[in-house]
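Construct the entire structure; sequences and hints are all you get.
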Amino acid sequence: MISVSNLSYAFKIGKKDKENVVPVLHDVHLHVAKGEIVAIVGRSGSGKSTLLNLISGFIRPEIGEITIGGTKVSGLTESKWAEFRLNHLGFIFQSFQLIPSMTAYENVEFPLVLKGVNEKDRKEKTLEMLKRVGLEPYQNHYPGELSGGQQQRVSIARALVLNPPLILADEPTGSLDSENERELLNFIKELNEDYGITFLMITHDHEVASIAHRKVEIVDGYLKEGRMLHEVQR
Amino acid sequence: MKFKDKHRFVRSNMKKNRTRVWMTILASTIGCAFLIMLASVGFAIHKTAIDDVMSYRMMNEIQIQKENSMLEENDVKKLEQIKGVKAVTRKKYTPANQLSIDEYNTYADVKSAHMPSEEKAGFELEKGRLPQSKNEIVIGYHFAENLRKDAPKNFLEGLSEEEAQKKMKELSYKGDLLNKTITYHMKTDNQNVKVDEQAKTLEVKIVGIGKKPTKEWAMDNYVFITEDLYKEVFSILGEQDPELEAAENNYSEVNVYTASADEVKAVSEKIEKLDYLTYSVVSELKELNIYFTLFKAGLIFIGAIAVLIASIGIFNTMTMAVTERSQDIGIMKAIGATPKTIKRIFLLESGYIGLWGVGLGTILAYVISYGVNFALPIIIEQFINEKPPEDFILSYIPWSLTVISVTICMGVTLLSGWRPAAKATTVDVLKALRRDV
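As they're listed, the protein sequences go chains B and D. Numbering (the numbering used here) for the first sequence: 10 to 243. Numbering (the numbering used here) for the second sequence: 195 to 631.
If you're looking for bench data, these hints aren't it; they were derived computationally from the structure. Keep in mind that the hints are not guaranteed to be accurate.
[Claimed, not checked] Computed cross-link-like contacts, EDC-like style, restricted to lysine to aspartate or glutamate with a CA-CA straight-line distance of at most 16 Å:
| no. | chain 1 | residue 1 | chain 2 | residue 2 |
| --- | --- | --- | --- | --- |
| 1 | D | K196 | B | E28 |
| 2 | D | K200 | B | E128 |
| 3 | D | K272 | D | E463 |
As structure tokens, then:
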């Protein structure tokens, strides 16, 4: 599903002629198979978020290549990247990233609006997703009127509404209490098992990493060899 | 993203900042109304000037003159040969100008006219017909008003000019002159020639009365006689003033008429090639139009400054909207909104502000224009105690001005919204997601 090869990245800080180059990732190679749940773990500043941002297309790699679902995405233009994200990727963020001026319904509906789906189908799919995450009664609530767990479920519903084959999650349980965390992880497992959705998650939480088939560790920008789920569990 | 969804999205965003958006719309409205109103003054003056020129003369009329000499019959023949010429009317000044009926008497502007040409040229009558025999004549619309009894002594004493004019009307002929026979006095108007009081007279019949002039203040006191009658008049007057003989064949007025106003230019050029001098409304309007086009362009330019000032408001509003919604933009981009979609959303928003401003501004301009034109004559009459010129308008908004103004306003609006919209596309997703913008 995801193939990352020879990926290196460095942040450039400061003015153009006096910029400091801070290397973050070094020659990263990563392969994620279809239907896998992969957890990327590492300490703060190790480069795991940068790796996810590169795979998401939020930042562009200067060295290396990223391929998702057979499409070489590392060379896409900004518009093409946006289209690719809309059609192939779902996102779950630590701080939910819901649009505060939109209701739960509108937030979930938004990817369908961007895709140009007709109103009738949009309504059907949006309500179906809200029902699936158990938030149908809260559809007219604004994010500010929902709890953290409920907001994260809205965010998941939004990520799933276009049935993407791959979901990228950045600390998905970072803002949740333990009960909501458990609930979310069960839901991720269910989605993976029932629908074969591939998950690439960034986390430093062992509980989260425990549901992954494979754990990949980044240390100071270098990717350590991944271990299989049973090894992680052991 | 479908247009309908963009529209819904933009509308909901505009509703959230209702006050700010309406203030910006108000600024655009005032800017647009100011532009239209200012330019409408130029358009009104232009229209008044054109109406004024056209009220005197017909659009398809070309006045002909010859340098250093008078026009004669052979000139008329030449002009009639020119392609595109519908009619050549010619008039000869007749030096006997006194006419009377009973105790009523007048001195009119008597001219001979070639009646078939006049008919062809479209001479308009209020009633009656054009002369068909020698002693038939056509009189101007105000001929009867000028046909007066002799005023008694001190008749107008102590009266103001206006009162005197009213009083003089009491002396005017009151009846209908059509088909009446009146006396034409064969006395030359050359004051150097002494004419016997018992000068010869001719009886002439009024068969037509000319159409009322378009201007209320215009006085038509002409008398058109036939060319045959002219010859007889000249032979009689020639006995009183032998010098007249030399002028007998001279036309004092020759006009060429084309079938339509569009042909005037081409026919004028042909006539000029034959060494005649021409003058037409079209040529006068051409000069007038150049002058007024520059004048109007100047006014539109000044008015556009107001629109530019209003556009600063739109720029500010849109820049604030982009800044406020940076996080939302970031999320939208992260989910999959393309830069083009984001740009279009913001352009649509500034477009709506402009559209509302332009729409309301245009309506406001029409209302003000109507109000000014309605109230100005009343105000002038109240405060200056003078009537404004007839048909005078201070503001005139033709559809072309509306189109020009709407184009300028919408253009400026879209330009002012362009930069904030472009800025929206450059919002950094990561910074936005980190609430760092």
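Here is how each hint holds up against the structure:
no. : hint              : result
1   : K196(D) x E28(B)  : violated, 43 Å
2   : K200(D) x E128(B) : holds, 13 Å
3   : K272(D) x E463(D) : holds, 14 Å
Hint violations for this structure: number 1 only, all remaining hints satisfied.
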